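4 protein chains.
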Amino acid sequence: MANGSVLETITLEEAQQVIDAAAKKAAEIGQPMDIAVVDAGGNLKAHARMDGANIGSITISINKAYTAIAFQCETGDLQEATRPAGPIHGLSDAHGGRLVVFPGGIPLVRDGRIMGAIGVSTGTIEQDQEVALAGAGAY
Amino acid sequence: MANGSVLETITLEEAQQVIDAAAKKAAEIGQPMDIAVVDAGGNLKAHARMDGANIGSITISINKAYTAIAFQCETGDLQEATRPAGPIHGLSDAHGGRLVVFPGGIPLVRDGRIMGAIGVSTGTIEQDQEVALAGAGAY
Amino acid sequence: MANGSVLETITLEEAQQVIDAAAKKAAEIGQPMDIAVVDAGGNLKAHARMDGANIGSITISINKAYTAIAFQCETGDLQEATRPAGPIHGLSDAHGGRLVVFPGGIPLVRDGRIMGAIGVSTGTIEQDQEVALAGAGAY
Amino acid sequence: MANGSVLETITLEEAQQVIDAAAKKAAEIGQPMDIAVVDAGGNLKAHARMDGANIGSITISINKAYTAIAFQCETGDLQEATRPAGPIHGLSDAHGGRLVVFPGGIPLVRDGRIMGAIGVSTGTIEQDQEVALAGAGAY
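Protein chains in written order, with our numbering: chain A, 1 to 139; chain B, 1001 to 1139; chain C, 2001 to 2139; chain D, 3001 to 3139.
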């Protein structure tokens, strides 16, 4: 075994605070959500599927968080540029099927560094974004 | 949209109780773990990667829980039968890469019905099983 | 765009020093190699395929480095446990096809933290390990 | 073992010169980049992720270089033809997820033969193209 352990960029306690804040907002607006938090390497740190949230959104929420790390931006920032007439139309096809190019994924930033990301899915993109923002605000 | 929502077989609150009990045991034995809970459909309900747990065990823990649903047994029950001389050697190849055939995945049973499953990974298989049992005991 | 950039755990300069040291050792023993370095999140930082090294080892070298991150150990440490009679036989099948369970992948450790990993492939496992050690020694 | 080794179409030294020239241009314009070089067979020869470049662009840069080999053209040449109204709309779906149809991938040509290709990603497509051209110019 190696003489050390992999650097943690976000703690489980922090990830759960982010999820709790997002879930609280989701409850307020009456829309159950899948909520995922990944670390700075894009690897899952914690996930919760609220009762009533979509099974299909498990993967979408995780991939929204991954995409926010992968491109260092909110997933919604990729939306216009990837539309049929946009400059990077076809981005997802070029990456193998893990990218989400609509709102709901937001980086978690501390001191100018992206330390992780939250991804939210099941509602409308406006609801997903609102809940993701609430989660990110708790970091 | 459909006039209803998918049947929930395990609540998020229950899943989190299972994860909390497992994490408590993991802390007791000094081995951080990836802990996943899936519902009766084998779909992820909640996941937590404790600080220091393996990145590679994210998938293993989720797939242990999935496997416990998929074959209605503990993952350890599949171990001998899938060895090279066993009767179902090659099981994983027949399923496309989601099966785990060593201990750490345990069904969550209520009134004779498997309502979900827990999967634990990062430690030895004995540790994984011990922590999974602690989690299952809280259901 | 996000107000920050993803935390870097290993710099490109460090990764290239690791690759250069590994390539020097590979040249000494007369065995061209694929050499990959990943960061603490398991994501590729740099790769070099020496002239004469295997095309098939591009992926193997990258996945050796990934595996060293994913399980916080040298890839060779997984070899006995994953053999047909071992306790975690079937590990690779449970993870979806990115794990390497023979020597040549080594974590890059600083102050007790795994900050990245090197993966080497094309030679015998003894040669791969020797070259990976030379690379890791330069970090 | 075979009595020979696979034909090399681009040396590692040449690939690194291409990457160095591209990285120099990227530094000049203040945009860190993922830079990949593949050989005439479309197989990765060398890759570098500059500090601050996108994790998601690892794959994009490699696939841009691959695409330039695969269709013997610059990736930007595929952009209009693959848009929804274009004659080969759906090209990516026909290939399984490795094609990039926007600028940043350029063949490396010597004496009328494509010997390899460079792929660059993280910036705008104009920046990616400019940096890829700088790299190709060093071959």
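Where hints are given, some of them may not hold.
[What the hints assert, rightly or not] Only pairs whose alpha carbons sit at most 25 Å apart, straight line, appear in this in silico SDA-like list of lysine to any residue:
#  : chain 1 : residue 1 : chain 2 : residue 2
1  : B       : Lys1024   : B       : Thr1011
2  : C       : Lys2024   : D       : Val3006
3  : C       : Lys2024   : D       : Leu3007
4  : B       : Lys1024   : B       : Val1006
5  : C       : Lys2024   : D       : Gln3016
6  : A       : Lys24     : B       : Ala1085
7  : D       : Lys3024   : D       : Gly3097
8  : C       : Lys2024   : D       : Ser3005
9  : A       : Lys24     : A       : Gln129
10 : D       : Lys3024   : D       : Leu3012
11 : B       : Lys1024   : A       : Ala21
12 : A       : Lys24     : B       : Thr1009
13 : A       : Lys24     : A       : Gly52
14 : C       : Lys2024   : D       : Thr3009
15 : B       : Lys1024   : A       : Asp20
16 : C       : Lys2024   : D       : His3089
17 : A       : Lys24     : B       : Ala1021
18 : D       : Lys3024   : C       : Gln2079
19 : C       : Lys2024   : D       : Gln3017
20 : D       : Lys3024   : C       : Ala2021
21 : B       : Lys1024   : A       : Ala81
22 : B       : Lys1024   : A       : Gln129
23 : D       : Lys3024   : C       : Glu2013
24 : D       : Lys3024   : C       : Leu2012
25 : A       : Lys24     : B       : Gln1016
26 : C       : Lys2024   : D       : Glu3013
27 : A       : Lys24     : B       : His1095
28 : A       : Lys24     : B       : Gln1017
29 : A       : Lys24     : B       : Gly1097
30 : D       : Lys3024   : D       : Tyr3139
To be clear, the hints were calculated from the coordinates, so they are not data collected in a lab.
For clarity, every value in this text was computed on a predicted model and none was experimentally measured.
Evaluation of the provided hints:
1. B:Lys1024 / B:Thr1011: holds, 20 Å
2. C:Lys2024 / D:Val3006: holds, 22 Å
3. C:Lys2024 / D:Leu3007: Distance of about 22 Å is within 25 Å: holds.
4. B:Lys1024 / B:Val1006: violated, 31 Å
5. C:Lys2024 / D:Gln3016: OK: C:Lys2024 and D:Gln3016 at ~16 Å, within 25 Å.
6. A:Lys24 / B:Ala1085: Measuring from Cα to Cα gives roughly 52 Å; hence the hint is violated.
7. D:Lys3024 / D:Gly3097: violated, 30 Å
8. C:Lys2024 / D:Ser3005: Given pair C:Lys2024, D:Ser3005 holds - Cα atoms ~20 Å apart, limit 25 Å.
9. A:Lys24 / A:Gln129: Satisfied, since the Cα-Cα distance of roughly 14 Å is no more than 25 Å.
10. D:Lys3024 / D:Leu3012: Holds, because 18 Å separates the two Cα atoms, which is no more than 25 Å.
11. B:Lys1024 / A:Ala21: holds, 23 Å
12. A:Lys24 / B:Thr1009: At roughly 22 Å apart (the allowed maximum being 25 Å), B:Thr1009 and A:Lys24 satisfy the hint.
13. A:Lys24 / A:Gly52: Cα-Cα ~15 Å, so holds.
14. C:Lys2024 / D:Thr3009: Within the cut-off at roughly 22 Å; holds.
15. B:Lys1024 / A:Asp20: Answer holds: B:Lys1024 to A:Asp20 is near 20 Å, not above 25 Å.
16. C:Lys2024 / D:His3089: violated, 47 Å
17. A:Lys24 / B:Ala1021: holds, 23 Å
18. D:Lys3024 / C:Gln2079: violated, 42 Å
19. C:Lys2024 / D:Gln3017: Holds, at about 18 Å.
20. D:Lys3024 / C:Ala2021: holds, 23 Å
21. B:Lys1024 / A:Ala81: violated, 46 Å
22. B:Lys1024 / A:Gln129: violated, 33 Å
23. D:Lys3024 / C:Glu2013: Holds, at roughly 14 Å.
24. D:Lys3024 / C:Leu2012: Judged against 25 Å, a Cα distance of about 14 Å means the pair holds.
25. A:Lys24 / B:Gln1016: Cα-Cα ~16 Å, so holds.
26. C:Lys2024 / D:Glu3013: holds, 14 Å
27. A:Lys24 / B:His1095: violated, 38 Å
28. A:Lys24 / B:Gln1017: With Cα atoms ~18 Å apart, A:Lys24 and B:Gln1017 stay inside 25 Å; holds.
29. A:Lys24 / B:Gly1097: violated, 36 Å
30. D:Lys3024 / D:Tyr3139: Roughly 14 Å separates the two Cα atoms, so the pair holds.
In summary, the numbered hints that this structure violates are 4, 6, 7, 16, 18, 21, 22, 27 and 29.
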